[in-house]
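Q: Read off the chains here:
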Amino acid sequence: MPARIVLQQADIGRALTRISYEILESNRGRDDLIILGIPTRGVQLARRIGAQLSEITGSAVPTGSLDITLYRDDLRRHPTRTPSPTEVPSGGIDGATVVLVDDVLYSGRTIRAALDALSDIGRPRAVRLAVLVDRGHRELPIRPDFVGKNLPSAQTERINVHLAEVDGDEYVSIEDNA
Amino acid sequence: MRHLLSTKGLGREQAIAILDVAEDMGDVSQREVKKLPALRGKTVVNLFYEDSTRTRISFEAAAKRLSADVINFSAKGSSVSKGESLKDTAQTLASMGADAVVIRHPASGAPQTLAQSGWIDAGIVNAGDGMHEHPTQALLDAFTIRRRFHGAAARGRDLDGISVAIVGDILHSRVARSNIWLLTALGASVHLVAPATLMPVDLEGWPVTVGYDLDRELASGPDVVMMLRIQAERMHASFFPNAREYSRQWGLDEDRVGRLGAGTIVMHPGPMNRGLEISALAADSPLSTVREQVTNGVSVRMAALYLLLSGERESSEGEPVEEEQSA
Chain F
462 MPARIVLQQA
472 DIGRALTRIS
482 YEILESNRGR
492 DDLIILGIPT
502 RGVQLARRIG
512 AQLSEITGSA
522 VPTGSLDITL
532 YRDDLRRHPT
542 RTPSPTEVPS
552 GGIDGATVVL
562 VDDVLYSGRT
572 IRAALDALSD
582 IGRPRAVRLA
592 VLVDRGHREL
602 PIRPDFVGKN
612 LPSAQTERIN
622 VHLAEVDGDE
632 YVSIEDNA
Chain X
828 MRHLLSTKGL
838 GREQAIAILD
848 VAEDMGDVSQ
858 REVKKLPALR
868 GKTVVNLFYE
878 DSTRTRISFE
888 AAAKRLSADV
898 INFSAKGSSV
908 SKGESLKDTA
918 QTLASMGADA
928 VVIRHPASGA
938 PQTLAQSGWI
948 DAGIVNAGDG
958 MHEHPTQALL
968 DAFTIRRRFH
978 GAAARGRDLD
988 GISVAIVGDI
998 LHSRVARSNI
1008 WLLTALGASV
1018 HLVAPATLMP
1028 VDLEGWPVTV
1038 GYDLDRELAS
1048 GPDVVMMLRI
1058 QAERMHASFF
1068 PNAREYSRQW
1078 GLDEDRVGRL
1088 GAGTIVMHPG
1098 PMNRGLEISA
1108 LAADSPLSTV
1118 REQVTNGVSV
1128 RMAALYLLLS
1138 GERESSEGEP
1148 VEEEQSA
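Read top to bottom, the protein sequences are chains F and X. Sequential numbering from 462 applies to the first sequence in my numbering. Sequential numbering from 828 applies to the second sequence in my numbering.
If you are wondering where the hints come from, they were derived from the structure by calculation, not from laboratory data. Be a bit skeptical, because a hint or two may be false.
[Said to hold, decoys possible] Sample of chain F residues facing chain X (criterion: CB under 10 Å; computed from the structure):
(1) Glu-483
(2) Asp-534
(3) Arg-537
(4) Arg-542
(5) Thr-547
(6) Ser-580
(7) Ile-582
(8) Gly-583
Beta carbons: idealized from backbone N, C-alpha and C, even for Gly.
Let the sequences and hints guide you as you build the complete structure.
A: In structure tokens form, the structure reads like this:
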């Protein structure tokens, strides 16, 4: 079955704008936000959300990346994975409200690894989770705080997220792999 | 990667990939919590048939930062002094469930034997074998050079256009051999400088130029001057008249350091014979990378152990990592 587009470029833009406002609303005016993306595409999404937040609030909201490769629970089940750099704002994350950003939320295992990675870097006041797509099928007690689109899917289906910075084109599609 | 036995045959892309992973490991060593869970439940054995301080503790620190369990084995005070063979030792370690064996041995080729014998299934890392190779030392040297010349933008870079002079006892040096293969694979040019008695006889096929005059080499303006240790334990013949003579001709003394350009770096694999191949002034000058080399050694060895031990056990080459869907 061919891939079916579920979000166009403009839809992705609107979803990120809404997520940015929701983050601000839930943070009740505190200026302790740090937006950390999970490589690869989460980093791009985090940068875009950070840029929007900076524009809305008028003060710079720091962004960065959090690599979780070395914290995965399936390292020994796959060929060796190459880690990506972790870049945390110079002030560290102690006492901050960290918003983790990823493209697709699925089993929840990536986020479990991200929480472990985060606690080795510092002790944030709170950790929130923003995802572009929530496709369900959680295997751990983890839920997102901010969601671009809920996309009920079968486990045989595959969600493709393409972003301009990484892939050249931009859309979210769903295809059946069965 | 199944084993790390030598740098000969390591391609440019593969070498850069290892150094890039080492960059990530280096970031971890800057943090307050210097620990990663990546190798939890794995056992790394340090099997040392020769004396070593920094290489052994460097491997130990690297394995521990990745949460592996470490068993240190030194031939002195073990059954080896009762005559146990390498085969029996290896089989003992295999029975104990070692996942990786880091071996240093006075015989060239001992790690290779261990890797190919079938005595043990563990990943083998060569931590120096006789006069053959010392691959992690070369990797940390390349890493140190890349950091000094490319700074924070070092990821993904090679060593194109950098000239390296390796000075001293080339004949007995496994550090020199590993560096020659690795640095040239990364695009650097390597020049050897030594007394004729400490230069290997047959250099055919070595991608290097050879000189016997240190002052002439320094005048050509190398980017990196790598001083090798005079290995007293291997000086069984009269390779040079005496230490003062060696120091005057091939030592990096105050006068020679003063003539180096400001961008030049001075390297030494350690342990240093201060006053012999390197003066105290050179060793402690801002040009010297001796202490950085030790720091980087841990990062590079973390990268090597991670690449060896994480992931499925591959029989030959691993498949490329597929883009993950789970998130």
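Q: Which of the numbered hints are not met once you compare them with the structure shown?
A: 1
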